[in-house]
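*Asks:* Since chain H is already given, all that's left is putting chain S on it; use the hints.
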Amino acid sequence: MSGAGPASQSDSLRAPRSERLSMSAAQIRFMTLWRREVNRFMKIKKQTIGAPLLETFLYISVFGAALGSRIKELHGFEYVVFVIPGLIMMAWATNSFANNSSSILQQKFQGAIHDQLSSPASPLELLLAFSLGGFVRGLLVAALTFTVASFLVDLPVENILVLIPALFLVGFFFSQLGVLIGVRAEQFDDVAIAQTFVLTPLIFLGGVFYSAALLPEPFQTLTKFDPVYYMIGLVRYGFLGYSESSVGLSLLFLTAATVVLTALNLRLFSKGYRLRS
Amino acid sequence: MDDYFAPDGSEAVASDKALHIENLVKCYPTGVEALRGVSIDIKPGEFFGLLGPNGAGKSTLIHCTTGLAQPTSGTIRVFGHDAIGDYAEARQAVGLAPQEVNLDWFLTAEETLDYHAGYFGMPKRERRERVKELLETFSLTAKRDERTRTLSGGMKRRLILARALMHRPPLLILDEPTAGVDIELRLELWHYVRRINQEGTTILLTTHYLEEAEQLCDRIAFIAEGQIAAQGSSDSLADSYGVANLEDAYLALVGRKELSRSRVEELAP
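Chains H and S are the protein sequences, given in the same order. Position 23 of the first sequence, counting from 1, maps to 453 under my numbering, and the rest follow consecutively. Position 103 of the second sequence, counting from 1, maps to 1412 under my numbering, and the rest follow consecutively.
With the rest of the complex left out, here is chain S:
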């Protein structure tokens, strides 16, 4: 983690867990219980997938980790920093590429990146270099002075990922990063996130694409109705459900085994 941007020269707390979540409960004021005692541990350098149907609690878990939602009870630690008690240190260590495109219409692509790093305390010279590097990496240099609302859908997705990486977070959270993107961009993003994972960045990915999870993740957790139903490698999850692959394990999780492709093939005339 030698590249971790630690403002004022402070160092990341040495921790054997990049993300430690214990008994996390989140009840919204409307009475909805989005998380019901979730516990997961992600090791430094791991590529971790979180799979589950819509409304299972994936985004709530991410929002609790990044300070966008307030946990009702439970513990969240990011590299040893408590997400509530030491929120500044915890948030400094996280980069979030959210599910929804939440770019500021008033800002240009360059300002979007520059301001983000400023919010994380990065000095001007370093920001300038990092902006240049990431605009280049994500093929956005020609669009640097364009306001974000004029960018194409794919460019917006790339800019969101670049923004999450600006402050060099040791933990990167990708909330459905490839939803609605074309095949080329999906593969480009896979290539890129795999590379930064190999370079040491821990990644938490949520996705609805099982192939994506299988390709990228070391470990996967299934979440349903606010609880972790199972976790392990793709193969061990299939084993634990007594099925042949991750997709069938997922279908077993959501109670829709009848949709299994093997079954559909069997039924075909």
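Here chain H stands alone, though its shape is the one from the complex:
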């Protein structure tokens, strides 16, 4: 160890003040926190981008090609076209959730999260950076799914002004949910249980692969208690211009749910719940 201490060379190492002022310390901090999250999933992209893409295209093949040949049309749309908006939403939702819950739990498990927690970062900066990691992964998978699906089928985009906010809200909602589950989780089972027993049933029963109008009672009514039903409705309306529920009310409900969940997470981060002992 040659022993270059912190005092030695320090003056020559400091960037000129004008350069340091070009990006504030808070901006550098936030960008680094967020970059860490994106870097994590990009380093294992076969698992975090490749696998979800494959999964989505297996759904498209099975439901589009196999079932589609029997079902033909739903509400005037080719079956595979009816299904794809839901798959795009599902890709964004599940990837946002899985990324954030795993990332936070892994860092808690390794103790590596202490590096961020003992930094000057505020609870809001930490929450947003953790949230946006999964959000960006979901966005990537959804965008890739959309691009490839557009080559395979003629996918309309009827209401882009509903579609974009709806997808962003869905992505952000599930990013927040992932953060919540990751913070609460104490072992890897906790995340798996939430994903298998809560998230997947809600998404599948929300009508990704079918129209709720086809269901017999009481399932048709029960579906209306599933929040994902309204999210799929919004995204499907954005693409196809068809919706079984009120677009305005669904957007309002989704916005309110996202705000409430974000506020809850911010409160947990401020209190240091299961992050700071």
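By construction, these hints were calculated from the structure, which means they are not laboratory data. You may find that some hints are simply not true.
Here are the simulated BS3-like cross-link-like pairs (lysine-lysine), alpha carbons at most 25 Å apart as the crow flies [unchecked claim]:
1. LYS1465/S <-> LYS1433/S
2. LYS1326/S <-> LYS1352/S
3. LYS538/H <-> LYS473/H
4. LYS473/H <-> LYS1452/S
5. LYS1441/S <-> LYS538/H
6. LYS476/H <-> LYS538/H
7. LYS538/H <-> LYS475/H
8. LYS1465/S <-> LYS1441/S
9. LYS1452/S <-> LYS475/H
10. LYS473/H <-> LYS1465/S
11. LYS1452/S <-> LYS1441/S
12. LYS1465/S <-> LYS1452/S
13. LYS1433/S <-> LYS1452/S
14. LYS473/H <-> LYS1352/S
15. LYS701/H <-> LYS538/H
16. LYS473/H <-> LYS1326/S
Between beta-carbon pairs, the in silico distance windows are [as the list claims (entries may be wrong)]:
17. GLY1364/S <-> SER491/H: 54 to 60 Å
18. ARG1572/S <-> GLY702/H: 45 to 51 Å
19. MET453/H <-> THR1381/S: 36 to 42 Å
20. VAL1341/S <-> SER676/H: 49 to 55 Å
21. SER641/H <-> GLY1462/S: 16 to 22 Å
22. MET453/H <-> GLY1394/S: 22 to 28 Å
23. MET453/H <-> GLY1364/S: 40 to 46 Å
24. ASP1391/S <-> PRO648/H: 42 to 48 Å
In this text, a Cβ means the ideal position worked out from N, Cα and C, and glycines have one as well.
*Replies:* Showing chain S alone in chain H's frame:
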């Protein structure tokens, strides 16, 4: 403290205490009272040792200082900044090398250092230079692109210390930095921390190696059952317990005087 990295050009508050802890109490939700009214003051530039048996509250005190644990009551000030009210300024002034190796498996050695400094708001150019300097200092340059999980135990220890130093903290906290390291690395680390202390960095060290504390520390505090039992120089601690050296003073603290080497030698046939 001219090398202190103060983001946005703000300066460290002038304070005659690097670390001021007053009546610090920490009760965990499980009911465990880890700290029961601890008070210590560390002067700028001082090398301060905290000794005590496992479970005495050393790590809890460190966690409260760095924001990893939330004090139940009491005051912590780092260079005059309140650790709760002005947490950003307080944490900016502290570098922590924790007891457990808590490196991120996904990051390389270089990323570990770069991200840490980024969390502390250091601009890119400065980070690049500082990473290069510390990788060199800790003989990690050849491993810069290796993921942390592939590093040897000694390299991980060195990387943790380099990470703590990245943002040039005026107060460095070393929580058992030499636990489980080989003799060469222990001596290298001693050499390095003594040097940066001489250059102005205040150091708080916890250790189970009494020789380490004697060699390095200006002052030492004994902590047991969440309370400071005694503090002073190595000699004054021995005097206060009426024994010959720091080890015997420590044994008196933990109530195991019968283990004293002088006694063992007396008993030897």
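*Asks:* Could you run down the list of hints and mark each one as holding or not?
*Replies:* So, going through the hints one by one against the coordinates:
Of the pairs offered as hints, the one joining LYS1465/S and LYS1433/S holds, with about 24 Å between alpha carbons and a cut-off of 25 Å not exceeded. Using a Cα cut-off of 25 Å, the hinted pair LYS1326/S and LYS1352/S holds, with the two alpha carbons roughly 5 Å apart. Our distance criterion of 25 Å between C-alpha atoms is met by LYS538/H and LYS473/H, whose separation comes to about 19 Å. The straight-line distance between the Cα atoms of LYS473/H and LYS1452/S is roughly 18 Å, inside the 25 Å bound, and the hint therefore holds.
Taken as a hint, the LYS1441/S and LYS538/H pair is broken in the structure, with Cα atoms around 28 Å apart against an allowance of 25 Å. Of the supplied pair hints, the one linking LYS476/H and LYS538/H holds, its CA atoms being roughly 23 Å apart against a limit of 25 Å. Between LYS538/H and LYS475/H, the direct Cα distance comes to roughly 21 Å. Compliance with the 25 Å bound is thereby established for this hinted pair. With a CA separation close to 17 Å, the supplied pair LYS1465/S and LYS1441/S stays within the 25 Å bound.
Between LYS1452/S and LYS475/H, the direct Cα distance comes to roughly 23 Å. Compliance with the 25 Å bound is thereby established for this hinted pair. The suggested pairing of LYS473/H with LYS1465/S holds, with an alpha-carbon distance near 21 Å, which does not exceed 25 Å. Pair hint LYS1452/S plus LYS1441/S holds up; C-alpha atoms about 12 Å apart against a cutoff of 25 Å. For the hint pairing LYS1465/S with LYS1452/S, the CA-to-CA distance comes to about 11 Å; that is within 25 Å, so the pair holds.
For the proposed pair LYS1433/S and LYS1452/S, the alpha carbon gap of about 21 Å is at most 25 Å, so the pair holds. Simply put, LYS473/H and LYS1352/S have alpha-carbon atoms about 44 Å apart, too far for the 25 Å limit, and the pair is violated. Between the alpha carbons of LYS701/H and LYS538/H the distance comes to roughly 16 Å, so the proposed pair stays at or under 25 Å and holds. With a C-alpha separation of about 44 Å, the suggested pairing of LYS473/H with LYS1326/S is violated against the 25 Å cut-off.
Here the CB-CB span from GLY1364/S to SER491/H is close to 58 Å, well matched to the stated 54 to 60 Å. Distance hint check: the CB atoms of ARG1572/S and GLY702/H are about 47 Å apart, consistent with the given range 45 to 51 Å. Checking the proposed 36 to 42 Å range against MET453/H and THR1381/S shows it holds: the Cβ atoms sit about 38 Å from each other. Our hint of 49 to 55 Å for VAL1341/S and SER676/H holds, since their Cβ atoms are close to 53 Å apart.
The hinted range of 16 to 22 Å is not satisfied by SER641/H and GLY1462/S, whose Cβ atoms lie roughly 59 Å apart. Between MET453/H and GLY1394/S the beta carbon distance is about 26 Å. The supplied range of 22 to 28 Å therefore holds. A hinted range of 40 to 46 Å holds for the C-beta pair MET453/H and GLY1364/S, which are about 44 Å apart. Between ASP1391/S and PRO648/H, the C-beta spacing of about 58 Å breaks the proposed range 42 to 48 Å.
The structure is inconsistent with the numbered hints 5, 14, 16, 21, 24, although it conforms to all the rest.
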